Structures are given as structure tokens and as C-alpha cells.
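These protein sequences, in sequence, are chains A and B.
Here the numbering used here is used: the first residue of the first sequence is 1, the next is one more, and so on.
Here the numbering used here is used: the first residue of the second sequence is 1, the next is one more, and so on.
If you are wondering where the hints come from, they were derived from the structure by calculation, not from laboratory data.
Being a predicted model, the structure only gives us computed values, none of them experimental.
Just so you know, even glycine gets a beta-carbon here, dropped at the ideal spot from N, CA and C.
Some hints here could point you the wrong way.
Stated by the list, open to error - Distance condition first, Cα-Cα at most 35 Å in a straight line; then the derived DSBU-like pairs of lysine-lysine:
#1 Lys134/A to Lys246/B
#2 Lys39/A to Lys250/B
#3 Lys14/A to Lys35/A
#4 Lys80/A to Lys134/A
#5 Lys246/B to Lys14/A
#6 Lys135/A to Lys235/B
#7 Lys39/A to Lys235/B
Stated by the list, open to error - Under 7 Å between C-beta atoms, here's a sample of chain B residues computed to sit facing chain A:
#8 Ile230
#9 Ile247
#10 Gln267
#11 Lys274
Said to hold, decoys possible - Between beta-carbon pairs, the in silico distance windows are:
#12 Arg227/B to Arg107/A: 53 to 63 Å
#13 Gly213/B to Ala3/A: 46 to 56 Å
#14 Arg81/A to Glu223/B: 32 to 42 Å
The primary structure of each chain is shown beneath.
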Amino acid sequence: MQAADLSFHRIFLKTMFMGLKLGVSSRKMSYQERKRVIKLSANIAMAVAGNGMNWSRALIIRHAKHEKNKVLLRSLLGRKRYESITEPGFAPLNFTWQKMIMKRRFRRTNSILRRGAHASNGATARVIARSMAKKRTRTLKSLVPGGESLDDLSLLGETIDYVISLQTQVHLMRLLTEVLSVSNLRQTLPQGLQGTLGLSNSWLPTRILMSGSVDYMGGSPLS
Amino acid sequence: MNCGTPSPDQLRPALGLSSFNWNQSMDSLSPIFPLPASGEISSFMGNPLNSMHVNRLMQFPADPGFAERAARYSCFSSANYGAFSGVSEAAGKPSRVSSGHCLKAKESRMQLEMGDGEFGSGKEDSSVTDPASVLGESSAKKRKAAAKRKLKVTVENDLIAKKSRSAESTEIEKDSGMPKEEQNVDEKKQGKDDGTKASEPFKDYIHVRARRGQATDSHSLAERVRREKISQRMKLLQDLVPGCNKITGKALMLDEIINYVQALQRQVEFLSMKLATVNPGLEFNLENLFAKESNEESPIPFTLANGIDTHCSIGQLDSILHQAALMQSSLDMFGSSASQVENLWDDELNTVLQSSFGQNQEIGAPSQSFHGQLSIPHMKIEL
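Only chain A is shown next, with the shape it has when bound in the complex:
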């Protein structure tokens, strides 16, 4: 079990660092561009770490559609993997949008007719409940990558996995931001100040918040 956590975290961090390294050139990048690269790296890292799941492949494909990402993706995944993932052979993901729209319209009109016919039954509540559940299933399908072509049961399984990896992603990214923000702080403050702030020793959670104000104070003489 330890090895299992480890592998997910490790793969995630490894891929994320590689992506950041490849994507971010610290000289000329605008804030927006950097944010986009970071988000892309994080998502790809999560998808790579959650390998073998439907959503992971769908997430990669979703990102591979944009032209800007293709180079980074290719270098991150390795050419072979990139080719194998983005080949359009996977059947459930082959749904054309038109087909789905037609299906949806057909289903809706059908259910409306049926509901009208049976409206007088005592089972109206159940019908309404079922339509509520259906609506929500549809939004869930739009949220989970690759969920459009899944049936109910596997959709739930995918969301479980997706939620867990999202939690891990958030956790790791939060750690990363904390570490990097502190590293920035340490760099800019002279050693003496760092000592007085107690930065080199035990680390309390409150200091994360304090670092914001200290940053500000530290910034003014330098800027």
C-alpha cells in the first residue's frame, strides 16, 4: 500500500516537473501563458499517474486537441505513447457529436410522451426522480473526462477514481506551492532575517500565512 501511494505521487510529481521544466521558459513568459502551462502539466501528470482508466486517456486526448499543447505533450509522453493514445481507434470515444445530439433529442421526446401518457399514475414521483437523476448523470458525464460514452455503472466507477486523483492532485499542488513560495522567501531575505523569523527551524502552519505579509515587507526595499 505504501508503494502504491508512492507510485502515484511519484509519477505525478515526475511528470509535473518534467512538464514545467519543458514548458516554462522563465524569461519571456507572460503570466497567462505560464498558468496555462502549469495547468496543462498538472492535468497531464494526473492523467499519466492514473493510467489505465478511461478518464486518463480522455483527458490526454482533450488536451492534445489544442495546437499549442501538442509539442509539450509529445515530449512529455514520449512519441510512441502519444501516437498510440491519440489514434482515433477507440470506439466509445468515437461518438460524433451529431449522433449524440440526435440520441438525446430522441430520448427526450420519447420520455416526454411516455410521461404524458402515464402522468395520472401514482408513480409520478418516481418518474420525476428518475428524470432528476438522469439530468444529474448528464452533468456528471460532462464533468468527468471521457464520461459521455459510459453507462451508469462505469461512470460511477470512473468518478470515484477521478475524484481520488483530483484530491491527490490538489494536495500535491498545494504542497508544491507552499514549498516554492517559501523557497522564494528564503532566497530574497538575508540570512539574518531568516533566522529571526525562524524560517530555518521548525515550521508551523501559521507561518505559511505569515509568509504573505513577510513577502510584502521583504519586497519593498528590493523593488
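Assemble the complex: chain A is given as a structure, and chain B must be docked to it using the hints.
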């Protein structure tokens, strides 16, 4: 976290589904699930097992690391969502340990059901390598939430079941409807019948036992199995999404799930924004970790770290992270609180950041120039 009374229905899905790939797992576990699902869900309303589960609980205190990890995992999920004020990271140890114990109780109960109910006592955890390789791909955190012992049992059972079966579960259920009906004529009861079920997982199809007073045709049986699978997964999701213990009903639960997923995605967006402002110079990420780990482990690698250049190989990164996680887990074992562990992680990273930055002075300059601009957005974020 539903620590109070974990129901068996929650345990079993967490048990089975947490082993590996969902699709695989559902197929391979369906010999297990319908059997308890049909005969035992009703009977597990819980008394015969409660005493046994208490006994099992006694066996587990030797694994505080798991408790800490499980608790921390659950605490993280709740802390992230911000909806769960009761069990927060700042809460005292007893609450966390208790939540960990609750998870362990769940796992123990599941293990009990799995071990005794279906496959008899003959199955020992012989092969760890097989499950490990199978599990290599799937979600690590799911496995985090499952006890290792139980996991071995289930995965081994799954593997055995998978090897013995080839067809799809749904078709199999329909097929089994017919032979099942004959059996049901004789003994259509609600009872457990674990003994008779023990041999069946190795057959080609899934035996579903009809419950007393319910229809026995294959369609309704298959539907019932499908519905139970869905409810099991919903219960798993209930554990994942914080603050969903009280919510009954599929639609409301789906609502919560949707909100949670959207919140998590928003958090990722926010964190990436924060990362973008905080970090203009990303080159020293690898150095950080490498130096950190060497510092922690032994003095010799530390000297190596000082001499290393900025481009670490992936193998080195591997070992770093491996050591990092091991260290983190060992810290867990000593019962440190979740927040402290996280901060220790940062602390170690930072102590070594300091040393590594001593060597890379040129990186200091751009970050200094950025610093004035960085501080203000940083300030806003912190507030």
C-alpha cells in the same frame, strides 16, 4: 467521515472496488458481490458480525501508520472541501485516530466477510508480486484507504476469480438465472448460506440468489444485481465526498458529487494560478528534492547533491521521491499529526533549499526582480 457505524454495505464496495481497475474489478468481483448481495445484505444488518468485527479491531492497532494515513487521507479530503469542520487537520489526535480506526473497522469487517464468506480459509496471501503488478496502474489513493492484508486477500481472490471466468458478468447473470431458479425452488431463503457459496466462485457463471418474496426471473435478478452494484459505488462515493453521510437518494448524492468535482477542478485552477505567480524560476525544482532527500537519508548522498548539476535523471528523482514518501510514512508511524507531517515535508525541503540555493546565486536575481510584483498577489492570496 462516517465513523460511528460503518455499515457492511459500505465496506464491501470499498473493499472490492478499491483493489484495481473498476471495470476489471466489477467483472471479477461479481462472483463475490451477488452472493453476499443477494443472500447476505439483508442478513448483514449486522449482529453476527459485530462481535467478530470487534475482535478484528483488536488485531489492528499494530498498524498505526495505516490509521494515520487513512485518517490523514480522509482529513485531507474534508479539509480541501472545507465543508467538514468537525474532523479537521487541526483537530486533536483522538478524532483522527478514531476515524482511522473506523476505516480499519470497515476494512476488518470486509476482510472478515471476504475471507470467511466466500473463499474459505484456504486462501493464504501467497503472492504479493501478482497483486502488486496488477495494482501498479490503478489509483494509488484507493489502495491507501484499504488495509494491506485485506487487499492481498481480495486481490488474490479477484485474480483467481478472473482466471476462472471468461464471459461478461451481465450475460453470465442472465445465464445463471435459469439454473438459479431450480436451486431457488428448493431453498428460497434469506439466509447466509456462506458454506454453499464457497465453491461457486470458481465456476463459470455468477450465482445470484433470489431473496425471499422477490421475483426470480433472470431479468429482475440481473437488474437487482446491477442496482446493488450502483448503490455500492454510490456508497463509496459517499465516503469520498465529505459531508455526505446524511444524504440518501441518488439524485441528491449525484448533486453533491457534481459540486465536489467542480470544487476540486476550481481548486486546481486556483492552485495553478498561485503556482504561476509564486514561481518564476522553476528550474530548481529537481534540485530541491534531490538535495532534500540526500539530506534526510545520509551525509554521503548529501555531498553528492552538492556536486550535482541541475539536470537530475529520472532514476534519481525516483529514488528521491521514494525516500521522501518513505520518510513521510515513517513520520506517520510515529503518530505525528497530519499538519505537522505536511509541514515537516516542507520543512525538510526548505532546509535543503537553503543549502542548494547557496550554490545557485544567479537564480536569485530574477526572483528578486520579480519579488516586488510577486508579493502583492501573494499577499492577496494569503488573505
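*Does Lys39/A pair with Lys250/B here, judged by a C-alpha cut-off of 35 Å?*
32 Å, holds
*Just tell me: holds or violated, for the beta carbon distance of Arg227/B and Arg107/A against 53 to 63 Å?*
21 Å, violated
_Hinted pair, alpha-carbon criterion (35 Å max): Lys134/A, Lys246/B. Please report holds or violated._
The given pair, whose Cα atoms are some 22 Å apart, holds under the 35 Å limit.
*Can we keep the Lys274/B interface hint, with Cβ of chain A closer than 7 Å?*
5 Å, holds
_Let's test the interface hint: is any C-beta of chain A closer than 7 Å to that of Gln267/B?_
5 Å, holds
_Interface hint check: Ile247/B, Cβ to nearest Cβ on chain A, cutoff 7 Å. Holds or violated?_
Violated. Min distance 13 Å.
*Return holds or violated for the Cβ distance of Gly213/B and Ala3/A against the range 46 to 56 Å.*
Taking Cβ atoms as reference, Gly213/B and Ala3/A lie about 47 Å apart, which means the hint holds.
*Go ahead and decide if the range 32 to 42 Å is satisfied by the Cβ distance of Arg81/A to Glu223/B.*
Distance hint for Arg81/A, Glu223/B holds at roughly 40 Å.
*asked:* With the threshold set at 35 Å, check whether the alpha-carbon distance from Lys80/A to Lys134/A stays at or below it.
replied: 39 Å, violated
*Given hint Lys235/B paired with Lys135/A - CA-CA distance at most 35 Å*: Holds - the C-alpha atoms of Lys235/B and Lys135/A are around 20 Å apart, at most 35 Å.
_Distance restraint between Lys14/A and Lys35/A, which requires alpha-carbon spacing of 35 Å or less_ = 19 Å, holds
*When you check the alpha-carbon spacing of Lys246/B and Lys14/A, does it fall within 35 Å?*
With Cα atoms ~39 Å apart, Lys246/B and Lys14/A exceed 35 Å; violated.
When the structure is compared with the earlier hints, violations turn up for hints 4, 5, 9, 12 and for no others.
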